[in-house]
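Engineer: Listed below are the residues making up each chain.
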Amino acid sequence: ETGVTQSPTHLIKTRGQQVTLRCSSQSGHNTVSWYQQALGQGPQFIFQYYREEENGRGNFPPRFSGLQFPNYSSELNVNALELDDSALYLCASSLGGLSSYNEQFFGPGTRLTVL
Amino acid sequence: AQSVSQHNHHVILSEAASLELGCNYSYGGTVNLFWYVQYPGQHLQLLLKYFSGDPLVKGIKGFEAEFIKSKFSFNLRKPSVQWSDTAEYFCAVTPGGNYGQNFVFGPGTRLSVLP
Numbered sequence: 002e003t004g005v006t007q008s009p010t011h012l013i014k015t016r017g018q019q020v021t022l023r024c025s026s027q028s029g030h031n032t033v034s035w036y037q038q039a040l041g042q043g044p045q046f047i048f049q050y051y052r053e054e055e056n057g058r059g060n061f062p063p064r065f066s067g068l069q070f071p072n073y074s075s076e077l078n079v080n081a082l083e084l085d086d087s088a089l090y091l092c093a094s095s096l097g098g099l100s101s102y103n104e105q106f107f108g109p110g111t112r113l114t115v116l
Numbered sequence: 349a350q351s352v353s354q355h356n357h358h359v360i361l362s363e364a365a366s367l368e369l370g371c372n373y374s375y376g377g378t379v380n381l382f383w384y385v386q387y388p389g390q391h392l393q394l395l396l397k398y399f400s401g402d403p404l405v406k407g408i409k410g411f412e413a414e415f416i417k418s419k420f421s422f423n424l425r426k427p428s429v430q431w432s433d434t435a436e437y438f439c440a441v442t443p444g445g446n447y448g449q450n451f452v453f454g455p456g457t458r459l460s461v462l463p
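Taken in sequence, the protein lines are chains A and B.
If you want our numbering, it's the 1-based position in the first sequence plus 1.
If you want our numbering, it's the 1-based position in the second sequence plus 348.
Next comes chain A alone, as it looks inside the complex:
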């Protein structure tokens, strides 16, 4: 069984640029969530996708957007990058939809540095 994978591993961008991060869910998982983990802090929920539709969003501005594809892979897009966007971005997949009873499996993360 393949786990959750993310690409790229590391990324360096400059302020104002746009970035796309990718996540491949664990096989068969139809729900994906994205989190931002700043240095020394716990992950913060960005949003969740279930069957290609956004289902819930944390306290992040609209320049954070996402997509989920029919094969349940997913993208996180961030426009107009700011220095504070520097963080580890995690995706987590789960099976069975919206229930909070379903275990989330986390990927290794993408480390984004904004200069």
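Everything labelled a hint here was simulated from the structure, so no lab data went into it.
Among the hints, erroneous ones may be present.
[Stated by the list, open to error] Pulled a few chain A residues facing chain B out of the computed Cβ check, cut under 7 Å: (1) Gln42; (2) Gly43; (3) Gly57; (4) Pro109.
Where is the CB? At the ideal position from N, CA and C, for every residue including glycine.
Use these hints to put chain B onto chain A, whose structure you have.
Structural biologist: Okay, now just chain B, sitting in the frame of chain A:
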């Protein structure tokens, strides 16, 4: 809005010492509670979870946690730690039931176990 606090930022123990990591949450309704662990260089992994029933839950690797509803707490314990328990530990909460998986994580506690 939900929030999670963890009592200690960094805990240092010798092998065989007992461990207790504090976690408190603020949320008025039914909650699901989780402890996640992040070993150095690895993904976030689920240690244990509480949904309902027996407030004392057992997880992997000898960890357990007790839910005390009146104190809004979900403390993690282990009777005897090993060097391999060195990791970052995160407490997380979600609303109970089918309300999505917008986990709220605490800031984490770094555990260092000295051999």
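Engineer: With reference to the structure, classify each hint as holding or not holding.
Structural biologist: Structure-based check of all given hints:
For Gln42 of chain A, the interface hint holds, since its Cβ comes within 7 Å of a Cβ in chain B; the closest pair sits about 5 Å apart. The restraint placing Gly43 of chain A at the interface with chain B holds, with a minimum CB-CB distance near 3 Å, inside the 7 Å limit. Interface hint at Gly57 of chain A: satisfied, since its Cβ lies 4 Å from the closest Cβ of chain B, which is below the 7 Å cut-off. Among the interface hints, the one on Pro109 of chain A holds; its C-beta lies about 5 Å from the nearest C-beta in chain B, closer than the 7 Å criterion.
Comparing the model with each numbered hint stated earlier shows that all of them hold.
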